[in-house]
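Protein chains in written order, with my numbering: chain A, 1 to 288; chain B, 1 to 288; chain C, 1 to 288; chain D, 1 to 288.
Any given hint might turn out to be false.
Pairs involving identical chains hold if they fit within one copy or between any two copies, as the list cannot separate such chains.
Cross-link-like lysine to aspartate or glutamate pairs, in silico, DMTMM-like; alpha carbons within 25 Å at most [as the list claims (entries may be wrong)]:
| hint | residue 1 | residue 2 |
| --- | --- | --- |
| 1 | Lys11 | Glu274 |
| 2 | Lys141 | Glu19 |
| 3 | Lys86 | Glu73 |
These aren't lab readings, by the way, just hints derived from the structure by calculation.
4 protein chains.
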Amino acid sequence: MEATSKSSWRKKLHQIIYEADTPAGKLFDVMLLVLILLSVIFVMIESIRGQPEVVYDLLYYGEWVITIFFTFEYIARVITVKKPSKYIFSFYGIIDFLSTIPLYLSFILVGSNFLLTVRALRLLRVFRILKITRYIGESNKLRKALNDSRPKIFVFLFAVLIISIIAGTLMYIVEGEESGFVSIPVSVYWCIVTLTTVGFGDIAPVTPLGQFIAAVIMIMGYGIIAVPTGIVSAEYANANKPKDKITIDDKEYVHVNSQSCRNCGSSKHRDDSEYCHRCGESLHPDEF
Amino acid sequence: MEATSKSSWRKKLHQIIYEADTPAGKLFDVMLLVLILLSVIFVMIESIRGQPEVVYDLLYYGEWVITIFFTFEYIARVITVKKPSKYIFSFYGIIDFLSTIPLYLSFILVGSNFLLTVRALRLLRVFRILKITRYIGESNKLRKALNDSRPKIFVFLFAVLIISIIAGTLMYIVEGEESGFVSIPVSVYWCIVTLTTVGFGDIAPVTPLGQFIAAVIMIMGYGIIAVPTGIVSAEYANANKPKDKITIDDKEYVHVNSQSCRNCGSSKHRDDSEYCHRCGESLHPDEF
Amino acid sequence: MEATSKSSWRKKLHQIIYEADTPAGKLFDVMLLVLILLSVIFVMIESIRGQPEVVYDLLYYGEWVITIFFTFEYIARVITVKKPSKYIFSFYGIIDFLSTIPLYLSFILVGSNFLLTVRALRLLRVFRILKITRYIGESNKLRKALNDSRPKIFVFLFAVLIISIIAGTLMYIVEGEESGFVSIPVSVYWCIVTLTTVGFGDIAPVTPLGQFIAAVIMIMGYGIIAVPTGIVSAEYANANKPKDKITIDDKEYVHVNSQSCRNCGSSKHRDDSEYCHRCGESLHPDEF
Amino acid sequence: MEATSKSSWRKKLHQIIYEADTPAGKLFDVMLLVLILLSVIFVMIESIRGQPEVVYDLLYYGEWVITIFFTFEYIARVITVKKPSKYIFSFYGIIDFLSTIPLYLSFILVGSNFLLTVRALRLLRVFRILKITRYIGESNKLRKALNDSRPKIFVFLFAVLIISIIAGTLMYIVEGEESGFVSIPVSVYWCIVTLTTVGFGDIAPVTPLGQFIAAVIMIMGYGIIAVPTGIVSAEYANANKPKDKITIDDKEYVHVNSQSCRNCGSSKHRDDSEYCHRCGESLHPDEF
């Protein structure tokens, strides 16, 4: 546990940056979170035209502060970790690096195509928002869940694309250019807009046949969600006659249904219940 | 059980307001429900311009009646409950108070910025609709369910915002101002409109690259719902194979049998296993 | 089994109409289905303006044929059933009656407000489509499922309306009339359009605050579906450590997960599997 | 295993085309996939007007290459399979045939109605995308899942159509032609656009009554998905109460215990029962 002054300084810095046990560590995390959010808000405000000049000046100073802080953070991370190369090429290493460079790049890329450069740098600065994911504990689980779902996602994408390409081309033939279906790619785009139920309305069919095909596409897109989950499904779940009893690990379970007690409204009585378990009233009063 | 005339008057009032066992109690509840609904309907009608003057006069008288009734109700609730302060600062206490004051406020806030005052008071009057939640027995369960879902809700919100900020800024760069993407905040708004499949169409991409990115966003927003629940999922659930597989509380279990692996002797393999899960050897060596 | 000629004629007619065992019965059902569909198609075509006069004439003759057939069907149903009054006041009795009268009504209601009469009668004729539900065996289960879901439906409706009224009024205040939010009822309509993710775009917010509130509403409407069902949920289902084994009715089940074999892609291996059950390859090749 | 040179050549070709074990077989599959994707991309690019003439020339040469390759592939498949007729009339046999003929057809169908011919042939060429489904291993499961869901799909379609026809006609009457509801078919189309939450906005109601009916339709379309799956449902599922309740294959079971009713002696009541399910008497008489 003995360490020279230099490595204990390193250890201390590592503690502040990478851990949140000490007050300094917690303060660092909070400051970082605030700066990440501010940096993104600054970019957003900067993109709004027509504001007083002083706003843009203030934002420029803010960008300087943020860049300096992120640069120190990046350097600190690199020098306080065991294998710097492992960090530098990791997801967060790349994000942190990209978060430091926009202002520096704006000096290098002066001149040509000013507007596009400004906008590209804005996008780069907005990527800083991904630094936040370190602090969302759930995002690992989310990433793992997405990974596990890969077969499903692939089949889904595949089906959406095949339907959109074929139906889009069909609409391109049927509707033609006057209603906006100017080419097959644009018609495929329209089909995706429709199948996903977004429905901008920038392009819409005007011929009866086109509207009919559009209706089929819409019902398909809606049905992909509604058929497995809708009330129709609920009906099938209840309709299959369940086994009444079941023994799991030596415990007994009895099937309950959704019948409501007319007196107190509670449900989930046993299938063969005569009286409500909550209020004691008869469940079948007409039969007296 | 003995009580003076004063507290028995109080007890009686408490019974009418807070309980629904007596006919007076039930009548009170019904009248209150009707007045709550009427009060909101009045505000809605009042906001429609171009009606005969007498309509606005009648609505004004109606607002007087409602205010008087709600004032009495509030005072009655305060004086018939054991700990008035506990009621006054509860959710319903605040709602009930806010429900009484609009008309009084309209006398105090005369003059400056008439239109905004009128509109703000209309919003205040519309909040009376929340008084109804007392009578919906399920809303407690609903509030509890929302509370329990808080981690999920947070991760969801977080993912939606990160995607919208990054993709929105990308569209801002790609599309530019002519198609309506005038600033990053507006582009983020458009991305939320698209990701949630609402799709107003007030802003829509016109460039091929923009339409391509938009298609990716739409498929993402649609897929977040469709992939876990769609027919694709149903295929994995395989609900029609009862005895081989079983799903308990969303976890999958597969039946295992007593077949022994000839190589390592382990058993409890899946019914359809070809190879031993422990040593990898074939379970059916005769079939080569 | 002996019967007079009159009641055996009745029995025979009853068999044809109400049962589908005999060839005559099946033919009747098919003819009825066809006529129901034709009657609705006729109304739809009739509503399309600008067609050659002969089309409208043909549709008029078609309507006569349909009316005569439905009238005979109605009379036949009434006289061949045991308790005519029970049929006449049942759901199908009313539908069948309303299906016979439009043409007759068109003679009675001549003159005043011609256009509205024509259109109202068209709606009446379109209700004939409900006669088809007799032949869809599943619709009873569907009706029962809807009944059982009544508490859920009520809470859902209630929540949607409360959110729409409050948020709609808020948008009415923030946006005002220039962007289309002309009154509170119209703003509530817009809020329903947005919350249900339909998003016509006939009205859309233009102010930054309005767009922000709209974004909140959209994320709410989308989240109500996406949070419980989305990939986020899937992650929580898998994250809860499952019991490995479970015994149901003396049969053993073992938990399987979604890990894919890198060789053949199959999943659903036991949690502790070392080798793929389908192809025998190791599931953890890096660890050799 | 002996074979003449001719049938071993056939066997070899069969191996290349139909199997993916050999390097030649894998290369063939990869080439085929690439050509399928290219062929569709070519059609899409070709439909975009206003490009330099050389682009269309290159695409024409590309189409020749693709047609020649697909023709060879088709002939090869036919002659290397045991029962050619079985392949020729199968789904893939038809798709593969249709994938070879567009260019040949374009020579035959010269002249009349040039534009429609060009467009129809483009659709034919786009159908080549279906050749890819051979390589998606999951699509068999997907097709089986769709087959198994047929009752659900039918009831769903049926309900959507009935609601759309009746509500569409209602809107046709209420709104009339000025707002775009020009005929019943168009109004039914609008209703499908609204019920499926697509919401183009090309047609939208302007009258208060029309907007009210539209709101009902939207809430219905949204509710069909949201009620069974939404947070409201989650609350009923009560997933956080593991040992009291359990859901097996979507059926609910509740744990029952051995407590006897003091009145009638029956046991196996729910853990939280207040009253006996058989005789209605209280299970906890001491608490009165």
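message: Tell me the numbers of any earlier hints that the structure contravenes, in ascending order.
response: Hint 1 contradicted; others consistent.
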